[in-house]
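Enquirer: Below are the chains, spelled out letter by letter.
Number of protein chains: 2
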Amino acid sequence: MRIEIICTGDEVLTGKIINSNFSYMAQKLEDVGLSVHWGTTVGDDRDSLLAAFRLAGERADSVIVNGGLGPTVDDLSQEIAAQAAGVGLVLDAAWLTRMEEFFARRSRVMPPNNRKQAMLPAGAEFLDNPIGTACGFALTIGRARFFFTPGVPRELRRMLEEQIVPRLLAQSGAPSAITLKRFHSYGLGESHVDQLLTGLEAMVPDGSVKLGFRAHYPQIETKLTVRGRDEADIRAKLAPVEAEVRARLGNFILAEDDQTLEGVVLAALTRAGATLALVETFTAGAIAARIAHLPAAEHVFRRGIVVRVLDQVPAAVGLSHVSLAEMTQVKAEAVARAARDAAGATHALAVLIELDEGADRIDLGGTVWIAIAHPGVPPVEPRNAGGGDVAFRRSRIVGGREWVRLGAAELALDCLRRFLQGLPVVERIDFEKV
Amino acid sequence: MRIEIICTGDEVLTGKIINSNFSYMAQKLEDVGLSVHWGTTVGDDRDSLLAAFRLAGERADSVIVNGGLGPTVDDLSQEIAAQAAGVGLVLDAAWLTRMEEFFARRSRVMPPNNRKQAMLPAGAEFLDNPIGTACGFALTIGRARFFFTPGVPRELRRMLEEQIVPRLLAQSGAPSAITLKRFHSYGLGESHVDQLLTGLEAMVPDGSVKLGFRAHYPQIETKLTVRGRDEADIRAKLAPVEAEVRARLGNFILAEDDQTLEGVVLAALTRAGATLALVETFTAGAIAARIAHLPAAEHVFRRGIVVRVLDQVPAAVGLSHVSLAEMTQVKAEAVARAARDAAGATHALAVLIELDEGADRIDLGGTVWIAIAHPGVPPVEPRNAGGGDVAFRRSRIVGGREWVRLGAAELALDCLRRFLQGLPVVERIDFEKV
Chain P
236 MRIEIICTGD EVLTGKIINS NFSYMAQKLE DVGLSVHWGT TVGDDRDSLL AAFRLAGERA
296 DSVIVNGGLG PTVDDLSQEI AAQAAGVGLV LDAAWLTRME EFFARRSRVM PPNNRKQAML
356 PAGAEFLDNP IGTACGFALT IGRARFFFTP GVPRELRRML EEQIVPRLLA QSGAPSAITL
416 KRFHSYGLGE SHVDQLLTGL EAMVPDGSVK LGFRAHYPQI ETKLTVRGRD EADIRAKLAP
476 VEAEVRARLG NFILAEDDQT LEGVVLAALT RAGATLALVE TFTAGAIAAR IAHLPAAEHV
536 FRRGIVVRVL DQVPAAVGLS HVSLAEMTQV KAEAVARAAR DAAGATHALA VLIELDEGAD
596 RIDLGGTVWI AIAHPGVPPV EPRNAGGGDV AFRRSRIVGG REWVRLGAAE LALDCLRRFL
656 QGLPVVERID FEKV
Chain W
236 MRIEIICTGD EVLTGKIINS NFSYMAQKLE DVGLSVHWGT TVGDDRDSLL AAFRLAGERA
296 DSVIVNGGLG PTVDDLSQEI AAQAAGVGLV LDAAWLTRME EFFARRSRVM PPNNRKQAML
356 PAGAEFLDNP IGTACGFALT IGRARFFFTP GVPRELRRML EEQIVPRLLA QSGAPSAITL
416 KRFHSYGLGE SHVDQLLTGL EAMVPDGSVK LGFRAHYPQI ETKLTVRGRD EADIRAKLAP
476 VEAEVRARLG NFILAEDDQT LEGVVLAALT RAGATLALVE TFTAGAIAAR IAHLPAAEHV
536 FRRGIVVRVL DQVPAAVGLS HVSLAEMTQV KAEAVARAAR DAAGATHALA VLIELDEGAD
596 RIDLGGTVWI AIAHPGVPPV EPRNAGGGDV AFRRSRIVGG REWVRLGAAE LALDCLRRFL
656 QGLPVVERID FEKV
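Going line by line, the protein sequences match chains P and W.
First residue of the first sequence? That's 236 in my numbering, and the numbers climb one at a time after it.
First residue of the second sequence? That's 236 in my numbering, and the numbers climb one at a time after it.
To be clear, the hints were calculated from the coordinates, so they are not data collected in a lab.
All C-beta atoms, glycine included, are put in the ideal place defined by N, C-alpha and C.
Treat each hint with caution, since some may be false.
Restraint ranges, calculated between C-beta atoms of paired labels, are given here [as the list claims (entries may be wrong)]: (1) P/Ile597 to W/Met354: 20 to 30 angstroms; (2) P/Asp591 to W/Gly424: 15 to 25 angstroms; (3) P/Arg340 to W/Ala503: 46 to 56 angstroms; (4) P/Asp465 to W/Phe361: 52 to 62 angstroms; (5) W/Thr495 to P/Ile597: 14 to 24 angstroms; (6) P/Asp245 to W/Leu641: 44 to 54 angstroms; (7) W/Thr505 to P/Asp591: 17 to 27 angstroms; (8) P/Arg663 to W/Val322: 29 to 39 angstroms; (9) P/Glu425 to W/Phe361: 29 to 39 angstroms; (10) P/Pro610 to W/Ala550: 14 to 24 angstroms; (11) W/Glu397 to P/Asp468: 54 to 64 angstroms; (12) P/Pro306 to W/Pro659: 35 to 45 angstroms.
Start from the sequences, fold in the hints, and give me the full structure.
Expert: Below is the structure:
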């Protein structure tokens, strides 16, 4: 089935906003086993819209149009859709009532120009928008079924997921039960993950499991798309493959599906009734900024200390008479202990970075000293070495200032995740120099 | 002149990467007074590429094609361009030599498949790529001049700026001297800035100054595009308009051109020989993370403290016997003073946020208490009220957790900028509730 996407609007065409709706839609379709064949971007311009609709109507089976459903004069999608389909516009009285209620609930009177949003091409199929005033609609133009969607991302996302994807799957004749399973890992490069998962798709011989990746440094997302007759069929197919991914990627899997690394760490601390202190240097607050604002972090996050010059760290955590001019494991551990005790926390993560000197360049690196102070009581396992109450990890990351900063923040949070899950804190990763 | 852009590549078409090259190119053209009329996205697929080139060649005067110039088998741009133009591929011996030297300088032998990157359509005009192995080229297909560019963003940017924009301007017959002047402001909404700048374009009656905006919460970018015969002509036209923008937006302009708010603050502190301490609560380290990792911050940034629960702040800055359960201006000022003194810094910025209770929602807000402790000596002006050594600002920001977090970080950094520049710290902004 040939699917096209048409994105409309001067803001997208002029580059004033980055077109993330396109990539969102394309990925969402990939996730259910459908593919986009062609993308078109045009402005709020009658001739361009008409030409784009007609061309896509000749080439495609299905077309998703995004944008142009708003109340202002430059929102032209309904009008040009009707023109392209050779029909008139008719009032959808039910939607007009819904819009009026929408405004009434907000103690406002609906402005007259919003009425335009209830004018749909004759014969169009209504697509509900439960969270906005721009309803969608489906209409046949040429040989293709067109789906018109709002430009506001959260409205688009909901309409795509709830109303358009099921219609596309029905149209494609594919089994409509589809599940996407995602694993997030850190420490293995994309090609390494790919190689570790060789032969995985073949575990389900009918081809109904597809493997894909998405890299966003420093994490890699591994995606399994599974099709089946129904949910039970999918679960039966997915279970052994899912187990195999966990077995092969092992400790490197830091989260699954909608989880995040910081969310997993926060949940583990919460479950343990633990509290956290942080000491950051060149990561500059980036670790705190990922975790401390999250809901429920107020019960866990005690204190973050950010110091830019390594030798100013001891004073900031109340460690007198210690110089970090010459870093050692013992000193890093002392910093973590002092931060833990000063904040009255059960755990402290210290990330001390010796950044190479000089201007930024691709081979500029940093030596990263990570120490995790903890209560030192069971069930802490002996394999988390480094003294009874501190786990330690040293690494060297190269690739320029940003690479070091982002990589060190990820490595440190991941060490804390590993520690809290009873996994080895020290395990070779692809992104470090040895 | 009708310009189209064609973006190629499976990674873009499947949404695996967000197509920021498109918006970059479109903005760059807007900045010099040119407009994109149509955008096309296709994958690494012979039929789609050929169809896209032919369609654009019928419609446009100029076409920029991005991607597909790499060494691998799925990089097809040269081959399909030649096919669309009805010519063969010929070796560009000069570029082959340049590539071999490129590898030699890195002590590597050029792999044989890179030779493909020196095969250009017969009659194509060579476009240099001084920083990569994918050279560009220009070629006429149908009635349009096509410019083929590499997908690697930094290579694209350089080629677009140095080689393609001048050719497009020459083709369009527009005066080729063009300057873009940018102002970054915070505190005024886009429509408010627009209204304040009414009539600005008319100051230069020949229409050679164009005004534009780009909003990325919480900042607004105001752009002036000026065309002229030459640099002197442009400077003469720009000078009064530029002065007028500064006069009308006044204290709200936080930076110009490539400057950033955090860069301006860091530079002002550096010039003053000052050092900085930070106290953050719900901003969670986001302020530190913007400034403390910058080059030269190691001489200025002394210490950041992140505490999630307001009442744990006093202990973290060594203020015993103070409870923040009931916030007051006096307490906020005491926190800033204590942080300044504990860190041995000349200045401290404290951002204390009382976040509304309950689940996230659009009308959830936060009360933001900002105190700037300083040395309290001349040339501090009396209008920065709040005691001889502290400036103070209170605000209320509404719009959900993320809106509050980002808005408070911006407001606090901007208050520090205003203080350091001798401007009033308290000035009504559009993004706060009163």
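Enquirer: Take the hints in turn and mark each one as holding or not.
Expert: For each hint, the structure was consulted:
no., hint, in the structure
1, P/Ile597 to W/Met354: 20 to 30 angstroms, "29 angstroms, holds"
2, P/Asp591 to W/Gly424: 15 to 25 angstroms, "43 angstroms, violated"
3, P/Arg340 to W/Ala503: 46 to 56 angstroms, "47 angstroms, holds"
4, P/Asp465 to W/Phe361: 52 to 62 angstroms, "58 angstroms, holds"
5, W/Thr495 to P/Ile597: 14 to 24 angstroms, "23 angstroms, holds"
6, P/Asp245 to W/Leu641: 44 to 54 angstroms, "26 angstroms, violated"
7, W/Thr505 to P/Asp591: 17 to 27 angstroms, "22 angstroms, holds"
8, P/Arg663 to W/Val322: 29 to 39 angstroms, "52 angstroms, violated"
9, P/Glu425 to W/Phe361: 29 to 39 angstroms, "34 angstroms, holds"
10, P/Pro610 to W/Ala550: 14 to 24 angstroms, "20 angstroms, holds"
11, W/Glu397 to P/Asp468: 54 to 64 angstroms, "57 angstroms, holds"
12, P/Pro306 to W/Pro659: 35 to 45 angstroms, "39 angstroms, holds"
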